[in-house]
Amino acid sequence: MQIRTAVTTALAATALIATGMLVGTQVNLLPVDASSNAAAYDSLFKVLFSIGTMLFAGILIVLVYSLVRFRRRAGDGADGPPTEGNLPLEIVWTAIPAVVVLFIGIYSYDIYERMGGMAPLDHDAMHHQASAMIEASVQPAASQAIGEDQTSGERVWGGIRPIDGDVLPVDVTAMQFAFIFHYPEGEITSGELHVPLGRPVELRMKALDVIHAFWVPQFRLKQDVIPGQPTVLTFTPTRAGTYPVICAELCGPYHGGMRTSVVVHEPDDYLAWVQANSPAITNT
Amino acid sequence: MTVATPRDLEPQLQEPLQPAGWLRYFSFSLDHKVIGLQYLVCGFFFYLVGGLLAGAIRTELATPLSDFMPRDTYNEVLTLHGTVMIFLWIVPVVNGAFGNYLIPFYVGARDMAFPRLNAVAFWMIPPAGLLLISSYFLAGAAAQSGWTAYPPLSLTTPAAGQIVWILSVLLLGGSSIFGAVNFIATVLKLRRPGLKLMQLPMYCWAMLGTSLLVVLSTPVLAGVLILLSFDIIAHTGFFNPALGGNVVVYQHLFWFYSHPAVYIMVLPAFGLVSEILPVHSRKPLFGYTTMVYSIMAIVFLGLIVWAHHMFTSGTPPWMRLFFTIATSFIAVPTGIKFFNWLATLWGGKIALNSAMLFSCGFILNFVFGGITGITLAQVPFDIHVHDTYYVVGHFHYIVYGGTVFVIFASLYHWYPKFTGHLLNEDLGRLHFVLTFIGFNLCFLPQHWLGLNGMPRRVAEYDPTFSTLNQVSSVGALIMAISTLPLLINVVVTALYGTPAGDNPWNALTPEWLTTSPPPVENWSGEAPLVTEPYGYGQHQPAGPSSHPLTPAA
Numbered sequence: 001m002q003i004r005t006a007v008t009t010a011l012a013a014t015a016l017i018a019t020g021m022l023v024g025t026q027v028n029l030l031p032v033d034a035s036s037n038a039a040a041y042d043s044l045f046k047v048l049f050s051i052g053t054m055l056f057a058g059i060l061i062v063l064v065y066s067l068v069r070f071r072r073r074a075g076d077g078a079d080g081p082p083t084e085g086n087l088p089l090e091i092v093w094t095a096i097p098a099v100v101v102l103f104i105g106i107y108s109y110d111i112y113e114r115m116g117g118m119a120p121l122d123h124d125a126m127h128h129q130a131s132a133m134i135e136a137s138v139q140p141a142a143s144q145a146i147g148e149d150q151t152s153g154e155r156v157w158g159g160i161r162p163i164d165g166d167v168l169p170v171d172v173t174a175m176q177f178a179f180i181f182h183y184p185e186g187e188i189t190s191g192e193l194h195v196p197l198g199r200p201v202e203l204r205m206k207a208l209d210v211i212h213a214f215w216v217p218q219f220r221l222k223q224d225v226i227p228g229q230p231t232v233l234t235f236t237p238t239r240a241g242t243y244p245v246i247c248a249e250l251c252g253p254y255h256g257g258m259r260t261s262v263v264v265h266e267p268d269d270y271l272a273w274v275q276a277n278s279p280a281i282t283n284t
Numbered sequence: 001m002t003v004a005t006p007r008d009l010e011p012q013l014q015e016p017l018q019p020a021g022w023l024r025y026f027s028f029s030l031d032h033k034v035i036g037l038q039y040l041v042c043g044f045f046f047y048l049v050g051g052l053l054a055g056a057i058r059t060e061l062a063t064p065l066s067d068f069m070p071r072d073t074y075n076e077v078l079t080l081h082g083t084v085m086i087f088l089w090i091v092p093v094v095n096g097a098f099g100n101y102l103i104p105f106y107v108g109a110r111d112m113a114f115p116r117l118n119a120v121a122f123w124m125i126p127p128a129g130l131l132l133i134s135s136y137f138l139a140g141a142a143a144q145s146g147w148t149a150y151p152p153l154s155l156t157t158p159a160a161g162q163i164v165w166i167l168s169v170l171l172l173g174g175s176s177i178f179g180a181v182n183f184i185a186t187v188l189k190l191r192r193p194g195l196k197l198m199q200l201p202m203y204c205w206a207m208l209g210t211s212l213l214v215v216l217s218t219p220v221l222a223g224v225l226i227l228l229s230f231d232i233i234a235h236t237g238f239f240n241p242a243l244g245g246n247v248v249v250y251q252h253l254f255w256f257y258s259h260p261a262v263y264i265m266v267l268p269a270f271g272l273v274s275e276i277l278p279v280h281s282r283k284p285l286f287g288y289t290t291m292v293y294s295i296m297a298i299v300f301l302g303l304i305v306w307a308h309h310m311f312t313s314g315t316p317p318w319m320r321l322f323f324t325i326a327t328s329f330i331a332v333p334t335g336i337k338f339f340n341w342l343a344t345l346w347g348g349k350i351a352l353n354s355a356m357l358f359s360c361g362f363i364l365n366f367v368f369g370g371i372t373g374i375t376l377a378q379v380p381f382d383i384h385v386h387d388t389y390y391v392v393g394h395f396h397y398i399v400y401g402g403t404v405f406v407i408f409a410s411l412y413h414w415y416p417k418f419t420g421h422l423l424n425e426d427l428g429r430l431h432f433v434l435t436f437i438g439f440n441l442c443f444l445p446q447h448w449l450g451l452n453g454m455p456r457r458v459a460e461y462d463p464t465f466s467t468l469n470q471v472s473s474v475g476a477l478i479m480a481i482s483t484l485p486l487l488i489n490v491v492v493t494a495l496y497g498t499p500a501g502d503n504p505w506n507a508l509t510p511e512w513l514t515t516s517p518p519p520v521e522n523w524s525g526e527a528p529l530v531t532e533p534y535g536y537g538q539h540q541p542a543g544p545s546s547h548p549l550t551p552a553a
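Just so you know, the protein sequences line up as chains U and D, in that order. Letter 197 of the first sequence, counting from 1, is numbered 197 in our numbering, and no numbers are missing. Letter 101 of the second sequence, counting from 1, is numbered 101 in our numbering, and no numbers are missing.
Bound conformation, chain D alone (with noise of 0.2 Å):
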């Protein structure tokens, strides 16, 4: 087997298309590095747009009355942040951002499988986010019926935001799709002869897991949204209850998609904390076999267990059952993960900065969410709760105190691949200190809110709620502050940043091996062959001088 690279394939395509310096990140370029490295500062603005929602939410959820905005005003915003963080931020960052930048390099090639429809895949996502807000200055009114569009709420809001909300979906969906579809490809068929798979990276697990489930089952949600648009637009009757239409198809539809999505955000996210972790505690990923069971066990399990969002909905008692049982069987797979993580930590020499500490924040927030989810798996216990604060408590436990945390953790871990320059740690402390208190602030009380009787996607509450509901809020605003510190350390680093060397935390994967930043093709010679990315300690005494920059030749 040869190693396929794109100068083999499209010898004329790389030069001339490359404008020179920062100019090239606003380009259609076909660099691996420079598409991960758009994916990720295109997420990043959508975070701001969609955490301002999250502010424009709380502060109405200061008071117990519908006092800060129109209450259909208020349904747009719900809708829009939660479709801006999972599509726009969260789904293309963890997946386009890392998995385009390192995916190459684990593998041991110079690009990806197809660096043409890698491009396209990104630069459908800024028209269609742009157009999914501008719904609300251009159409009239964006969608409010909820980032899940359940008909008939979505068949009888104003139709020019729904559809619009549909569009941007389909184009965001087809983006992942086209994702996918070229991390599968890479790490199948373009890895460096003599590259065995199970001595691939973790992260190139999670992304060949989290890729199946994205090519199995989001044209489910695009064919169910099309279906919905025919609704709206062609009034035909397939969610329309006045014309025989079955609004609960709908539920299971969205929901084959949308619990899949779930791991789709999180999976890629155990695969970066796999990376992460053994750097920092110098030990080797404990059980690196039962990881890689473990991820494919989670992609078997994440799609057969989507109806326990459906369990007060219109579900026979066998359907509530099923669902019970696969959910809480998740709770196996995903434990050993976090068994083995605690035992990578456990005797090593764990160095405690930045990335380590959103790493290990990621492990107590995730506890904490995958904890409640057992709990909400369990049919008795959620017909309580469901559409509850309890579940917007879990699920924020679950993408943004798991995923998001993992997201900086990355940031500051790659910071110095994709820049030459380390993060300030001081900054980068308060950063993680601020986020912790403000999240934990934030949704822990939501749990009580929740089981107290206050039901999600309110405007208004009772006003015995206040005390917690403005805790809530306090910690909503520690969260946007703590925004400031990160934003001022990539400002300051690009200033005055310390050069970081090309390797400055002695990693053994293979995206250290090169220069910081690496050359267009990542290797200037051959690319190395890493058959084991987690070999600390093998080669006592270590230090800098036992890991060497550069491969043999």
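Extracted from the complex, chain U is given alone in its bound form (with noise of 0.2 Å):
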């Protein structure tokens, strides 16, 4: 009886972990993915997914089970037996939930930490690294923006700092109801926000009035923007296409139509982009 308890017990929840994982991995419940951290974040998304299919099919079986199962036969006005409790049971319904908690809460610091967001986000040897590989690569005026910028000593208050290499910085304006998009490399304003296809872009983000946050669900980031105290935002876009720029925070009655597109373009179109919004053109 033992014996046959035990390989029940076995069989039930090598079952369950298979299904758990079945649907963790092949249920997609997510829009498409279009920037670095969307990779990340999507296998982080499907490990969660997987146990949390396990726990609660686990739990919704054995419910059922016992309701049917020891379910009062009529008639019977006797009480069930006296258990009490049983500490080894305790101690093992303790121990693997904090063993389950603590792989997920590792394996999501990871997860963090390959999306950058663990980097400092003070003004740190990276972002001076960073900075001036920009120097070096685009056109003085942008430069000089940069460099002001930088000596304005500026405290960041939160978001995810840049990763080093070729950096595409875009200053991000939130207001009532709108995002403006301002590119220093070119002094392009726009009211949505281009982006060419594997380049990163760091967002630095102020608001004019109340809280708002930037949000793109297919690439998975959001940070908001909050009036006095700048934050920043940095992704890499890996799919070409138009995808929604959404205000998340609410910021009054129009909150939500406070929306806008990005456009991750192919390298060429982005740089045709530039040039059609280049202030030469548009200012005359």
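Cβ-Cβ distance ranges computed for the label pairs, FRET-style:
#1 D:352 to U:240: 54 to 60 Å
#2 U:64 to D:117: 41 to 47 Å
#3 D:433 to U:120: 50 to 56 Å
Honestly, the hints are just simulated from the structure, not real lab data. For every residue, glycine included, the Cβ atom is placed at its ideal position computed from N, Cα and C.
Both chains are given apart, each in its own frame, so use the hints to dock them into the complex.
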């Protein structure tokens, strides 16, 4: 009898784990992935979805089984067995969740680090290095603009800091009820965000009135834009296309209408867009 | 130690102030049972108000365009919906209603430690609630900045409505603190001689932990709201960036209360379920000691996780990491409680009546909400879904699928104690089926909507999300309809209900060891000493005769 119970339990656990992994990896609940962060995010999602399915299905099965198997039969006025507890069982179901959440915590830390989330936010060596590379690579007017930004020594309060490399800086201003994107590299101002495929983009975000939030579901990224506290968000677009930019923080009556688009261009198309929108043309 | 009773302390207070019959429910009664039912009925009234507001929200969201009400009205409605449901329905009912009714029985006392403070705490609620609702009509505009009232938005929306909102929440918070002080004093100081702490029914522990959270965190909310009102009235600059204020400090102080507020809504529900499951499965509560420790662990961890509401705000990386880990670990004590409840059911003799159906519905819904909660605790996951419908779905699984299901379970379980009549089981099962289907239809699709790009607190959305929003609105309609069987049940029971007897469930907890409804001071004789409130199966053969209705003299 003991052996039969043990075998049944083992088989049930195996079936549960297999079902969880199958559901977690095969059922897709997410929109397309269009940034390097999205790929990392999706692998985390699959793991959490698998574990969540196992836990939920397991508890559902035990609950329904109990309600059927241990239902009170008509005319049975007796009590159940006086079982008050079981210390080894308590230890098992304390230890297993502890191990699972520890694993999830470490894994999501790893994902967050891959996203660049653990890099210090304030002016650090990495940022100087990134700026220097930009200065070397773009025209003088742009590097001057970045230089000004740096000397102001403004504290960055939240967000994800850039990876090193050839970063495209964009100043984002949020207000009721619009985002304004300004490109220091070409002095372009736009109501839509245009970015080239494959190049890291650094959004330096400020709000004029109330708190807003910059969210692109296909990038799996969001950052509040806070009046008085500049924030930053870095990502690398990996899939060309047009995606929504959504304000995710309640900002007033027209909050639901505060949306625009981000267009991820092939590099050549992006250059064409920059040329078509540079101030020499738009200002005349 | 002697048992202090209200009669000993204030002998002149009892009779002259008590009107007879139903009128006492509209009086400044000092009887904990009257106050408990006052909380319950008052809370249920505001549940209907909050439900109407929810219906307005789901009607607006049935179509992608903002076409049902003006946009600023929509923001007023969502602000009032959240505030009413939290501060006027769930918190007063799981704490005030069942706490006041049950705790004196459970500790073997004749009333709460401070009966007059108790009545004051209740009578702060109706004026605060009416004030909040009336702000829409009287002040020209109700608050529009969400139940979170984040500045600077709350500084720029119409000031009168926001000030009334602050005043109302301050009153409700004050009421909550008075109640908590009373629960702590009653559980620790009014226990019947010979009754040890570790012999108390689990709901006492839940209320002790909850009350500790209330007294530790609610004053912080009061403080931050007073500062916010200074910013609005006196144009100070605590949270106004134009005057050098810091808006993120508000968020920290707000969530220092408002995350524990989740446990203030959920822990009492855990306690109530721990009372219901053993009775209807005829087994002792499994793992009493670990249940007590896990409540206290949740209380402690609940105080150090608030910034997980601010992962996308102005928070540095180390803070995001700390709050991810602290939040994840709440899953451990919470998981222990659910495994213990399943083990309580296992091998029992389960009567699947309305109280048990709602309790099992609670287990499923809360486990689902808990799993999505673990995902939300992970910074990289949260950065995508924060402030989206995924979060709306998640917290409704916790507060509605969790706590409100337990309120309904408790209603079916304790209604015979309150009135001496059993609620109708057929109507009760219909109520459960409609609620369970409507609830899941309403809130399950919202997770997908959030993952795919629908932010919360919007009156308009991308037309590609129409279908699932309509499913969600149909679910909300079914939830609204599900209230009817409950209301009919209460009316029918009042008119034609079958008498329940004193102890229809053959329960062992002390409130059942007296008449139903109980006399003014709970027991005609001395309070019984119940050292094994879950001693099912220990005195076989069991049956009605084995559970004495009157204590040994």
